[in-house]
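S.K.: Given next are the chains, with one letter for each unit.
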Amino acid sequence: MRKPPSPRRSADDRLFRLGTGFFALLVVLLVGGIAFELYENSRLSIQKFGFHFWQTTTWDPVAGDFGALPFIWGTLYSSLLALVISTPIALGIAIFLSELSPRFLRTPLAFLTELLAAIPSIVYGLWGIFVLVPIVRQIEVHTPDWLKKAPLFTGPPLGVGMLAAGLILAVMVIPFTSSVAREVLKAVPATQREAAYALGATRWEAIQAALRYGRTGIAGAIMLGFGRAIGETMAVTMVIGNNPRISSSLFAAQHTMAAVIANEFTEADTDLYLNALIEIGLVLFVITLVINALSRLLIWSVNREVKVEAVTKAAATALPKAAA
Amino acid sequence: MNQLARRKLLSGFVVGLCALAVVAALIPLALIFFYVVEQGFSSLNWDFFTKMPKPVGETGGGMANAILGTLMLMAIASVLAIPVGLIAGVYLSEYGRTAFATLVRFTADVLNGIPSIVIGIFAYGLAVLPVHRFSALAGGLALGFMMLPIVARTTEELLNLVPASLREGSLALGATRAQAAFGVMVPAALPGIMTGILLAIARIAGETAPLLFTSFNNRFFTTRLDQPIASLTVQVFTYAISPYEDWHRQAWAGALVLVAVVFVFSVLARVATRRLERMHRT
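Each protein sequence line maps, in turn, to chains A and B. For the first sequence, my numbering puts the final residue at 324, and the numbers step up evenly by one. For the second sequence, my numbering puts the final residue at 1282, and the numbers step up evenly by one.
Check the hints yourself; a few may be wrong.
Beta-carbon label-pair distances, calculated as ranges [as the list claims (entries may be wrong)]:
#1 Y1244(B) with L29(A): 41 to 49 Å
#2 D65(A) with H1132(B): 22 to 30 Å
#3 R215(A) with L1173(B): 45 to 53 Å
Restricting the straight-line Cα-Cα distance to at most 20 Å, the calculated cross-link-like pairs of lysine to aspartate or glutamate (EDC-like) are [said to hold, decoys possible]:
#4 K1008(B) with E205(A)
#5 K48(A) with D269(A)
#6 K186(A) with E205(A)
#7 K1051(B) with E1245(B)
#8 K186(A) with E1277(B)
#9 K48(A) with D271(A)
#10 K1008(B) with E194(A)
#11 K1054(B) with E1245(B)
#12 K48(A) with D60(A)
#13 K48(A) with E37(A)
#14 K1008(B) with E99(A)
The set of hints was computed from the structure by calculation and includes no laboratory data. Positions of the beta carbon are idealized from the N, C-alpha and C atoms, including for glycine.
Work the whole structure out from these sequences, hints included.
M.R.: Right, dumping it as structure tokens:
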């Protein structure tokens, strides 16, 4: 017969559980605290402008008139552009590393691509200003005139602008998308590929079968990259030109939500100005919260039986994982 | 047969594209490393580490105050985040299957994806707004918030690498759960946890956005927690967008220091994790 644990011991264990659980609770409280505080500190702007804030394009701190549409536009434009560039590359890397690469190359290549995530944003920005922007300017100068008539390529060749921002964001996002997509592919049962081969599939057709099996997780990986691109601040603000103007042109200097906060926060001399900036921060918070939550759920839904830790490790801390 | 040849061709084509994708990602990495090393190395000298910044227009000087400032900010962040994150990580590893643990894990991962600039606003509201002064404390707070989920998740993952038989053994010998966790499990994983935390610190040291309006900047050196303080990243930013050639030079030197630190810790963490995995492979 089983003997019940002594009362002292079970009291000890309960205390241990509650005590450590309290510290774990702090993580949850932190997210709640951020939401509450950002809302509190942006009330002035929310009350004064309402939804109008997100529909108008005037950003006039002197007159106290604030509309955030150009920033939303710039954030979405630059992030989508980054996504268009980075997704094929990131998926290609994930497929290569999980399906095709020779064993001895796998670990070093994975390490190198994940190193992209370790470079500080400010270093990307510095490199962007002095290396990438001049290159982009050359591209813009040499764009043929007939092409410049298209709405995507109008405007003077500044170098700084949407194209430079999209390119640098794409590079920064690649390691996040590729490492999660790789974990997802790793979680696809080998029987999927074997079945495809047994039916006479070529290599690419077998990979397609694996991709189809893990499609929700792959979608999650892409969304995770999107969330990163939306919140990226320093590198973007250094190369996008910081001009609050809505333009469809890749060559035009524009602005983003994160960039305007970084640039103008210390200059906000009125409460309303500060509140308007914090409201932009609040919306940035809500958007990234939703995107990250969704992408995690998508990733988890594929990897449930496989350890989730591997995915989040690669994505969140990018603590290099030794390939087995 | 014709169709089979076509399918094989397509397959080979896609395989080639995937290999190209890897190359496409390694090109910017190589370019960034090349420029940072090339531009930074020639500007990196003893003065950079030991001298204070010179006034605008004068060449020379260094970032001594910014380097010390970054070290101080990291110390504040570590003091705040490591104990909390470590204990939260122990909880996640000990009671990982509960619904609450799943919620915490989920929140920690989501928190990790929140833009650092938003964390900066949060710290601003907590520590700058009430006293109307930028401070080292506010900057450290912001960095600590960013470090917390990473430390918690890293601790959990490394504890999970320790075989459960160690816990069971100590429980069988009459240890309480707390004794088993803090006396047996944590020490077994400690080398890995420590490198993981060092890597987190190295990464957070590269953050700029949350410092812009919390610790702000300071041309002088200070050890006071309630005063604005310089940091390597904010200094690199200020110098990068300035019009002065000599400041650009120093910005590259600063970038080289940042990249070198992150690189060294990435390699160390990798080696440590690997060793731990090999040690506990069953």
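S.K.: If any of the earlier hints don't hold here, list their numbers in rising order.
M.R.: none
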